[in-house]
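From first to last, the protein sequence lines are chains A and B. Per this note's numbering, the first sequence starts with residue 92, numbered consecutively. Per this note's numbering, the second sequence starts with residue 596, numbered consecutively.
If you're looking for bench data, these hints aren't it; they were derived computationally from the structure. Don't be surprised by glycine CBs; every beta carbon is placed ideally from N, CA and C. Wrong hints could be hidden among the right ones.
What the hints assert, rightly or not - Simulated pairs of lysine to any residue, SDA-like, Cα-Cα distance not exceeding 20 angstroms: (1) A:Lys369 with B:Thr914; (2) A:Lys412 with B:Tyr865; (3) A:Lys383 with B:Asp675; (4) A:Lys383 with B:Ser903; (5) A:Lys412 with B:Val877; (6) A:Lys383 with B:Met888; (7) A:Lys174 with B:Arg676; (8) A:Lys383 with B:Gln890; (9) A:Lys369 with B:Gly669; (10) B:Lys728 with A:Asp372; (11) A:Lys355 with B:Lys870; (12) A:Lys440 with B:Pro867; (13) A:Lys415 with B:Gln890; (14) A:Lys383 with B:Phe906; (15) B:Lys870 with A:Val370; (16) A:Lys440 with B:Asp866; (17) A:Lys363 with B:Val877; (18) A:Lys355 with B:Val877; (19) A:Lys369 with B:Asp675; (20) A:Lys383 with B:Glu920; (21) A:Lys355 with B:Tyr899; (22) A:Lys369 with B:Lys870; (23) B:Lys933 with A:Lys440; (24) A:Lys355 with B:Glu916; (25) A:Lys417 with B:Met888; (26) A:Lys412 with B:Phe906; (27) A:Lys383 with B:Thr914; (28) A:Lys369 with B:Tyr665; (29) A:Lys383 with B:Tyr899.
What the hints assert, rightly or not - If you want the ones that stay clear, here's a sample from chain A, every Cβ over 12 angstroms from chain B, calculated: (30) Ser154; (31) Ser209; (32) Gly267; (33) Ile278; (34) Ile297; (35) Glu312; (36) Asp331; (37) Arg332; (38) Ile449; (39) Ala464.
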Amino acid sequence: MDVNMGNVLGLIFANMHDMTVGDLTKNRTMGSIMFGGRYRLIDFPLSNMVNSGITEVGVITKSNYQSLLDHLGSAREWDLARKKGGLYILPPFGNVESKLYRGRIEALYGAISFIKNSMSSYVVLSDCDIITNMDFKPIIEQHVESGADITVVAHTGPYSSEDIKQSTILNADNTGTVRSVIIQPDISGTCTMSLNIFVMSKQFLIDMVADAIARGNVSFETDILQAKCDQLNIKVYEYDRYFSKISSVSSYFKANQDLLDHEKASQLYLPKRSIYTKVSDNAPVKYDLDSKVTNSLIADGCIIEGEVENSVLFRGVKVGKGAKVKNCVLMQGTVVGMNSEINYLITDKNVNIGDNHILTSAPTYPMYIGKGASV
Amino acid sequence: MFNKKECVAMLLAGGQGSRLYALTQTVAKPAVPFGAKYRIIDFPLSNCINSGIDTVGVLTQYQPLVLNEYIGNGQPWDLDRIHGGVHVLPPYQKASGADWYSGTANAIYQNIPFIERYDPEYVIILSGDHIYKMDYNKMLNYHKEKQADATIAVLDVPKEEASRFGIMITDENDNIIDFEEKPKNPRSTLASMGIYIFTWKKLRAYLIANEEDKEASKDFGKNIIPDMRAAGEKLVAYRFDGYWKDVGTIDSLWEANMDLINPNIPIDLYDPAWKIYSRNPVVPPQYIGANAMVQNSMITEGCYIDGSVEFSMISDGVTVEEGAEIYDSILMPGCVVKKGAKVEYAIVGENSVIGENAQIGARPENIDDKDTWGVAVVGHNLNISDGAVVAPKAIISTDM
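Let the sequences and hints guide you as you build the complete structure.
Next up, the structure:
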C-alpha cells in the first residue's frame with residue numbers, strides 16, 4: 092500500500108509534558124528545550140514529519156511560547172515556508188470563552204477549525220518528548236491497511252519505574268490490537284510504552300473531539316484510549332529504532348550523553364534524513380593552544396581554552412584557560428571561568444561560572460543552573 | 596523602475612583562479628572553501644550586508660555551477676529582497692550577438708542595464724578573492740566627503756612587499772597622482788586592494804568610451820583608472836588599516852587560513868556586530884572522540900575527529916580517524932583521513948579520501964632541501980590509496 096504523504100496533516104503539541112522537566116521549562120515550552128548542542132526538542136518531530144513527506148504541520152502551544160515562535164520563525168529552515176500548506180502555529184485563541192486547555196482533547200478543540208480546513212485525510216499527532224529519527228510513512232501505511240481507528244506508536248522493552256510513571260502503557264494482543272491501557276502506573280519491567288505519537292483519520296479526530304467536549308472529557312489518554320479501548324479499534328505500531336524519551340531532568344541529561352555514543356548518534360543523524368534547526372551563523376569552534384577535548388560534542392561558536400570531557404557544549408560556550416569541564420551539558424552562551432572545575436552540571440542559557448570555582452554533583456541527579464545565573 | 600538605491604555593489608567572481616590549480620578545476624575561485632565553514636565569497640557578501648548595501652550583482656563566468664548553487668537566492672546573507680538583493684549575472688546573448696566577459700571593465704559594461712534599474716548614485720566594485728572585514732559605508736562617506744569621482748581602497752604594505760601589488764602614488768591629501776603595476780622600485784607603499792567606488796555617471800561614461808576603443812584591454816586597472824586620471828577626474832585613495840589578504844595562490848590561501856588561528860592577526864570572526872554569514876550545512880555538532888587531541892585549530896559542524904589535529908582548519912563533515920595526524924593543514928568539506936594517515940602542511944580538497952597510513956606533505960624542518968618544500972595540495976573528490984605518499988609542494992588532481 093502506498094499512501095500519499097501529501098495527504099497527511101502533522102500536529103505537534105509543544106507544551107505537553109512541560110511539568111516533567113522542572114526548571115528546564117520555566118521560560119519555555121517542552122518543544123523549545125535545547126538539546127544536543129544545537130537543536131531544540133521540536134526539531135525532531137518537525138524534521139521527521141518533513142522527511143516523511145508531510146508538508147502541512149500545525150504546532151499547538153498554550154504558554155511560554157515566545158522562544159518557540161522565535162525558533163520556528165517562518166519555518167524556512169524546515170522547508171515549511173510554503174504557499175500551500177507549510178507551518179501553522181496555533182496558540183490559544185484568546186476570546187472570552189476559550190481558556191487555557193487542560194488536556195490534549197481541549198488543545199485539539201482549540202485548533203479544530205484549522206484541522207477542519209485542512210485538505211488532508213489523515214493526521215499524525217506527536218509530542219516533543221521523544222528524540223528519534225522516525226519515518227512516519229510506514230506508520231500511516233499500517234494504519235490505513237489495518238483499518239484501525241487509532242494507531243499508537245509504541246516500543247516494547249524493559250523500563251524503570253521512573254520511565255513508566257510518566258507514561259501510558261498498552262497491552263496488545265498478538266494482532267497488535269490494544270486490549271487494555273494503563274496510565275502512569277507504578278511498575279517496572281518489560282512492557283509496551285506509548286511514545287505519544289498517534290495516527291488517525293481527520294474525520295475520526297474531529298468526531299472524537301466533538302463527542303469528548305460534549306461529555307466534558309479532557310484527556311485523550313484516560314477518556315479515549317483507556318475508557319474506549321473496547322469500543323475502538325486501537326492498534327500498536329511497534330517502533331524499534333533508537334529513541335530516547337525525556338521525562339525528567341536526569342533523563343534529559345542521559346539523552347544528551349547518549350549522543351556521545353557513536354552507535355546511537357549515527358542512528359539519530361542519518362545523512363539522508365537530516366534533523367533541521369534554526370541557523371545562527373556562528374564561527375567555527377576555536378581550540379586554543381592548551382585545549383584538551385575528548386568524547387564530547389561541540390557546537391559552532393565555542394572557544395575552548397581548557398579541558399572538556401564527556402560533555403555536550405551548545406553554541407557559543409567559552410571554556411577558560413585551566414578550566415575542567417566533565418560530564419556536563421552546557422547550553423548556549425555558558426561561560427566557564429579560568430581554572431574552574433565542573434562535573435555533572437547542566438547549565439541553561441548564558442550561565443556565567445566565574446574563575447576558580449569547583450562545582451560537582453552526583454551522576455544520578457546532575458545539578459541544574461538556571462538561565463542567566465552567575466556563579 | 597525599481598526603488599532607487601544609493602549604491603549598488605558589483606562583485607567580480609568570474610576569474611578562473613588558475614593559480615589555485617587543482618582547487619579551481621571545477622569550482623570558481625570565490626566558491627573555494629575557506630576558514631573551516633566559509634567560502635571566499637562569504638567575506639565580500641557579508642561585508643555588503645553589514646555595510647547596509649543590499650543590492651549586489653555577482654558577475655560569474657568560469658565554472659559557475661557550484662557558485663550559483665551556493666549563492667542561491669541570497670538568503671544566508673539576508674540578500675533575498677523584494678527590491679535589490681543578490682543577483683547572479685553571467686554573460687548573456689543580446690540582439691547584437693553574444694560575448695564572454697573580456698575584462699573586468701567589460702563585465703560591468705555588459706551589465707549597465709542591471710545597474711540602471713536601480714538608478715544608483717554610486718557603484719562599488721568588489722572582487723571575489725579577498726579575505727577581509729570592511730565597512731564599505733565608511734568608504735562611501737569618504738568618497739562623498741572628498742567629492743571624488745573614483746575612490747580606491749589602499750593598504751599600507753611593508754616596503755619589501757610593495758612590488759607585488761598595484762601601487763598608488765598620492766599627494767599630501769591622498770589624491771592619487773600616479774600609479775604603477777608591480778613596480779621594481781616602488782615610489783609608495785599604498786597597495787590597491789581591488790576595491791573601487793565610482794560615481795556612477797562618470798564610470799558609465801568611461802565604460803562606454805573604453806568599449807569603443809578596440810585596442811583597449813577593458814580592465815579597470817589598465818584602462819578605466821588611467822583614462823580617468825588622464826582626463827583630470829578626481830581620484831582619491833581610501834586608507835584601510837584592518838586585515839586584508841588576497842587568496843589567489845596556494846600559499847596565500849594556506850596562509851590566510853592559518854591567520855585565523857594566529858592570535859596576533861587582527862581578524863575576529865566571533866564579533867557579533869560583524870558576523871560573516873555563510874550557507875550552513877544541515878549537520879549535527881562536531882564530535883571529538885575519546886582518542887582525539889585537538890589544539891590550536893578551528894573545526895566546524897558535522898565533523899568526527901578521533902585523531903590528532905594541530906594548527907589546522909577543518910571544514911564541515913570531515914572525518915579524522917583514530918591515529919590519523921593533521922598538522923598545519925586545511926581539510927575541505929567532507930574529506931576523510933583514515934587511520935594512521937599523516938597530513939602535514941597540506942590542503943585536501945572537498946570529499947577526498949586519504950587512505951590508511953598515507954603521507955600527504957611534510958614539515959619544513961624535516962626537509963633538507965628547502966627549495967623542494969611547499970604546501971601539498973590534493974584536489975577535490977580524489978582517492979589517495981593506503982600508504983601512498985604525496986610529496987611536499989606536489990599538486991595532485993587525479994586518484995593515486
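Decide if the proposed pair is consistent with the structure: lysine 412 of chain A and phenylalanine 906 of chain B, CA atoms, cutoff 20 angstroms inclusive. Cα-Cα ~18 angstroms, so holds.
Straight-line alpha-carbon gap lysine 369 of chain A to lysine 870 of chain B, limit 20 angstroms: holds (16 angstroms)
With d taken as the least Cβ-Cβ distance between isoleucine 297 of chain A and chain B, does d exceed 12 angstroms? holds (35 angstroms)
Verdict on alanine 464 of chain A as a residue remote from chain B, using beta-carbon distances over 12 angstroms: holds (21 angstroms)
Taken at face value, is the distance from the CA of lysine 440 of chain A to the CA of lysine 933 of chain B at most 20 angstroms? violated (37 angstroms)
When you check the alpha-carbon spacing of lysine 369 of chain A and aspartate 675 of chain B, does it fall within 20 angstroms? Cα-Cα ~17 angstroms, so holds.
Holds or violated: lysine 369 of chain A and tyrosine 665 of chain B, Cα atoms, limit 20 angstroms. holds (18 angstroms)
Taken at face value, is the distance from the CA of glutamine 890 of chain B to the CA of lysine 415 of chain A at most 20 angstroms? Holds, because 15 angstroms separates the two Cα atoms, which is no more than 20 angstroms.
Agreement of lysine 369 of chain A and threonine 914 of chain B with the hint, judged by alpha carbon distance not exceeding 20 angstroms: violated (24 angstroms)
Is it true that the CA of lysine 440 of chain A sits at most 20 angstroms from the CA of proline 867 of chain B? This hinted pair holds, its Cα atoms lying about 17 angstroms apart.
Would the hint linking lysine 355 of chain A and tyrosine 899 of chain B be met if the CA-CA limit is 20 angstroms? Since the Cα atoms of lysine 355 of chain A and tyrosine 899 of chain B sit roughly 14 angstroms apart, the hinted pair holds (cutoff 20 angstroms).
Is the hinted pair lysine 728 of chain B and aspartate 372 of chain A satisfied, with a Cα-Cα distance of at most 20 angstroms? holds (16 angstroms)
The earlier numbered hints that this structure contradicts are 1, 3, 5, 11, 23.
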